[in-house]
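My request is simple: use the sequences and hints to build the entire structure.
Top line first, the protein sequences correspond to chains R and P.
When you line the first sequence up against our numbering, it's residues 89 to 203, in that order.
When you line the second sequence up against our numbering, it's residues 513 to 621, in that order.
Hints in this document: simulated from the structure, not taken from any laboratory.
Don't take every hint at face value.
[As the list claims (entries may be wrong)] Residues from chain R that face chain P, not an exhaustive set, calculated with beta carbons under 10 Å:
1. Gly130
2. Gln132
3. Leu176
4. Leu200
Since the structure is predicted, the reported quantities are computational estimates derived from the model, not experimental observations.
Using N, Cα and C, we set each Cβ at its ideal position, and we do this for glycine too.
Chain residues, written in single-letter form:
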Amino acid sequence: KAGVTQTPRYLIKTRGQQVTLSCSPISGHRSVSWYQQTPGQGLQFLFEYFSETQRNKGNFPGRFSGRQFSNSRSEMNVSTLELGDSALYLCASSLDRGRATGELFFGEGSRLTVL
Amino acid sequence: DAKTTQPNSMESNEEEPVHLPCNHSTISGTDYIHWYRQLPSQGPEYVIHGLTSNVNNRMASLAIAEDRKSSTLILHRATLRDAAVYYCILRDHGQNFVFGPGTRLSVLP
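Next up, the structure:
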């Protein structure tokens with residue numbers, strides 16, 4: 089079956105702009121998590137959505153937001169972009185949320201460059 | 513914060529076994545030990561997980577210490593395709609995955 093699909097794969101924005109990234113989870117998966125990966129900070133958890141509700145949020149400013157649709161597809165938005173937002177944004181899906189044995193399936197990521 | 517400690521980097525020769533250590537001295541009784549790896553230019557992928565007993569799958573083996581304060585991911589015969597960053601993660605019910613810096617494994621031909 090198809091894996092996790094993230095679009096766009098690459099994008100370039102300038103400071104002050106906003107960006108929307110999209111994630112289509114594996115069919116049947118209801119949980120979607122977002123991570124930011126930078127060389128300096130590694131993989132950092134942004135937020136998790138399950139059944140259209142945000143269940144957990146990482147330590148990121150309010151400029152970072154997201155949502156999940158009824159078909160489990162998810163979007164994340166970053167407003168008022170800063171240079172430090174340049175990163176690889178990874179989406180991961182799983183069948184359900186919170187099971188300690190649950191497996192995450194990651195997409196290939198959206199690489200954002202802020203100039 | 514990540515609750516595991518791993519070496520920053522390791523090297524292995526191709527077709528030799530690789531033992532990647534992970535220390536988790538503050539592990540709780542309900543924490544599962546997960547391993548993921550991230551190949552260059554890809555998102556992380558699941559490798560293996562376990563609770564108390566050693567585990568084997570087609571990719572690797574997971575050896576868990578009797579006191580569960582450490583574990584070792586074993587790649588039985590390293591290939592060039594195994595060069596990646598390997599993450600050891602503890603996860604309890606209801607928690608998110610917290611990724612540490614991981615171990616960068618280099619495989620030499």
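In rising order, the numbers of the hints this structure does not comply with: 4
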